[in-house]
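Chains A and B, in that order, are what the protein sequence lines are. When we follow this note's numbering, the leftmost residue of the first sequence carries the number 5, and every step to the right adds one. When we follow this note's numbering, the leftmost residue of the second sequence carries the number 5, and every step to the right adds one.
Possibly wrong hints are sitting among the right ones.
Claimed, not checked - Some chain A residues close to chain B (C-beta under 8 Å, calculated; not the full set):
| hint | residue |
| --- | --- |
| 1 | L90 |
| 2 | E110 |
| 3 | V111 |
| 4 | A119 |
| 5 | V121 |
| 6 | R129 |
| 7 | A134 |
| 8 | D148 |
| 9 | L151 |
| 10 | G152 |
| 11 | K154 |
| 12 | K174 |
| 13 | R175 |
| 14 | F179 |
| 15 | L282 |
| 16 | P291 |
I should point out that these hints are in silico values taken from the structure, not numbers from a laboratory. What you are looking at is a predicted structure, and each value in this text was computed from that prediction instead of being measured. We put the beta carbon where it would ideally sit given N, CA and C, even for glycine.
Protein chains: 2
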Amino acid sequence: MEEMPRPDLPQLLVIKPPGLFNYGDPFAAKFAVLRAWESPLPLPRFLSDHARSAPALLCSAATRVTAAVLDLLPSLRIIVTTSAGLNHIDLPECRRRGVAVANAGEVFSDDVADAAVGLALAVLRKVSAADRFVRRGRWAEEGDFALGSKLAGKRVGIVGLGSIGLRVAKRLEAFGCPISYNSRTKKPSVSYPFYANVYELTANSDILIICCALTEQTHHMIDKSILLALGKDGILINVGRGAIIDEKELVQSLMQGDIRGAGLDVFENEPNVPKELLSLDNVILSPHGSVIGPGRVDHGAIPLNGLVAF
Amino acid sequence: MEEMPRPDLPQLLVIKPPGLFNYGDPFAAKFAVLRAWESPLPLPRFLSDHARSAPALLCSAATRVTAAVLDLLPSLRIIVTTSAGLNHIDLPECRRRGVAVANAGEVFSDDVADAAVGLALAVLRKVSAADRFVRRGRWAEEGDFALGSKLAGKRVGIVGLGSIGLRVAKRLEAFGCPISYNSRTKKPSVSYPFYANVYELTANSDILIICCALTEQTHHMIDKSILLALGKDGILINVGRGAIIDEKELVQSLMQGDIRGAGLDVFENEPNVPKELLSLDNVILSPHGSVIGPGRVDHGAIPLNGLVAF
Chain A
5 MEEMPRPDLP QLLVIKPPGL FNYGDPFAAK FAVLRAWESP LPLPRFLSDH
55 ARSAPALLCS AATRVTAAVL DLLPSLRIIV TTSAGLNHID LPECRRRGVA
105 VANAGEVFSD DVADAAVGLA LAVLRKVSAA DRFVRRGRWA EEGDFALGSK
155 LAGKRVGIVG LGSIGLRVAK RLEAFGCPIS YNSRTKKPSV SYPFYANVYE
205 LTANSDILII CCALTEQTHH MIDKSILLAL GKDGILINVG RGAIIDEKEL
255 VQSLMQGDIR GAGLDVFENE PNVPKELLSL DNVILSPHGS VIGPGRVDHG
305 AIPLNGLVAF
Chain B
5 MEEMPRPDLP QLLVIKPPGL FNYGDPFAAK FAVLRAWESP LPLPRFLSDH
55 ARSAPALLCS AATRVTAAVL DLLPSLRIIV TTSAGLNHID LPECRRRGVA
105 VANAGEVFSD DVADAAVGLA LAVLRKVSAA DRFVRRGRWA EEGDFALGSK
155 LAGKRVGIVG LGSIGLRVAK RLEAFGCPIS YNSRTKKPSV SYPFYANVYE
205 LTANSDILII CCALTEQTHH MIDKSILLAL GKDGILINVG RGAIIDEKEL
255 VQSLMQGDIR GAGLDVFENE PNVPKELLSL DNVILSPHGS VIGPGRVDHG
305 AIPLNGLVAF
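Between the sequences and the hints, there should be enough to build the whole structure, so can you do that?
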């Protein structure tokens, strides 16, 4: 059942609980939290019955904030998303209605960059397949596992050299990887080679790492031609958003060996993953887990300073 | 059947095929290779019947070269091991008999350092457990996977600051990890804090990475007291040799949650892995695969210059 709002506190609408709610409700003392996911009502009914006066919405990347949702929230003044990406929020509609939008900024950038490097190492060295090989007793029965591939010297192409891409570059330089990048504009502050288009970058890379935002321009930017340019020894890492890649073409490429492997933290239709990938050894599947939450020992990763100051 | 040695070429004894033999026999043109593993004879019989005049032995870490083996090889002048470690060879006996020993030197150091970082990331972020979670369809059924832990800021303690340990340090500095180390002697060339004993290092580390050689002094150096000093949030990575850790105590610690997790490339009794580990989610199991072999695209990793010059 939904809680009744406490009249002495400002209302905070939460449609689906972001991951940080796994560890309790850190807002209970400061806000009257409207917990839509606990209500038996259909969402539109809940919103129109209980959230018409809510000035603030807290969401994660899993909550789509469309014009239809905004229509039901006439008092809304601010949306705070716990994600860095904003593709789940209809920004032009927010702008038109004067609703402010705050995101996680760079709070997760280190973690997402770590995830990208971890996925690259895991694909090159077949970490999950090797782990399965040992767990199934095959090492003792069959002998040596297939050898992995070296990271040092691999040419890394970074798509999107923002706060995440820059951190990926810094880390992989320490592994002896030459770095190049593509982004909307050349960055005067870095000396890495710049490619004005993704195809050229890919043709000159062994490992392509997607760190950009999902926008109309980047939707399905990684298509069949890019995958073919990456080639049979190429590896694709995606810590951006699933729909930046044409997922059907990626599945084909991985099944046919048109590319060597992929490390995927994001998918087009999360939490659904193409079933063809589930049995492939040349892919590492990660459940959109690049973002590290406020676990027992990891503090400082809650990007809600803006909201707390609301 | 064993091949007959070609009298025009020097004999090279190989007891078990090193991993590089998976890709053919790169020595056939220069040596008469005595392939002991292909013979139906028991090894001592093969050695005394066919290898008494062999001057050279090529082996990997999987071949124990004991005094008993050396007794059967009176003409032996050199042993070349494709490993960096030498713990499988009775060095005092070789010295006494005037048998030279050559190892892989630093050829694999980058790869092993990459493996250490990859295992640390994989343990912190539960890469294999997350991959299993997705493959079993649990993401769609059960929702968010348990959050991982941050790498940035974790205090890393390196045991053994040789060519591998130094490379691990360089990589993890780029992730924002403060580095300390223990080794036989303080290294004047580095500024990382030095701890003269492993216990003190461990008590001041969140991640302990074993990069040292297995010797009488390091055998079971990581015992129960060290594991307790590492503590409930601590992570242990081993890319050295299995017997540096008291494996029974490690299994207990992982099962009881005395430490948070482990990434293990090496084990005490390879290829046998303690069966208790096979069902644990807080461990990444790797089949002594840190060393990258001469696969299709990875050249330069064959440490046999010394032998080819023989």
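To see whether the hints hold, each was checked on the structure:
1. Against a cut-off of 8 Å between C-beta atoms, the interface hint on L90(A) is violated, since the closest Cβ of chain B lies about 20 Å away.
2. The beta carbon of E110(A) comes no nearer than 12 Å to any beta carbon in chain B, farther than 8 Å, and the hint placing it at the interface is violated.
3. Violation of the interface hint for V111(A) is found here, the shortest Cβ-Cβ separation to chain B being roughly 11 Å, above the 8 Å cut-off.
4. Because the closest C-beta pair between A119(A) and chain B is about 7 Å apart, less than 8 Å, the hint holds.
5. A cut of 8 Å between beta carbons decides the hint on V121(A): the least distance to chain B is about 7 Å, and the hint holds.
6. For R129(A), the interface hint holds, since its Cβ comes within 8 Å of a Cβ in chain B; the closest pair sits about 6 Å apart.
7. Taking 8 Å as the C-beta cut-off, the interface hint given for A134(A) holds, the closest approach to chain B being about 5 Å.
8. With a cut of 8 Å, the hint placing D148(A) at the interface with chain B holds, because the nearest CB-to-CB distance is about 6 Å.
9. Hint status for L151(A): holds, given a least beta-carbon distance of 4 Å to chain B, under 8 Å.
10. Using the Cβ-Cβ criterion of 8 Å, the hint placing G152(A) at the interface with chain B is satisfied: the shortest such distance is roughly 6 Å.
11. Interface restraint check for K154(A): the shortest CB-CB distance to chain B comes to about 5 Å, inside 8 Å, so the restraint holds.
12. Interface hint at K174(A): satisfied, since its Cβ lies 6 Å from the closest Cβ of chain B, which is below the 8 Å cut-off.
13. At about 5 Å, the closest approach between the beta carbon of R175(A) and any beta carbon in chain B falls short of 8 Å, and the interface hint on this residue holds.
14. Interface hint status for F179(A): upheld, as the beta-carbon distance to the closest one in chain B is roughly 6 Å, under 8 Å.
15. Proximity of L282(A) to chain B holds as hinted, the smallest CB-CB distance being about 5 Å (cut-off 8 Å).
16. Hint on P291(A) holds. Least Cβ distance to chain B is approximately 4 Å, under the 8 Å limit.
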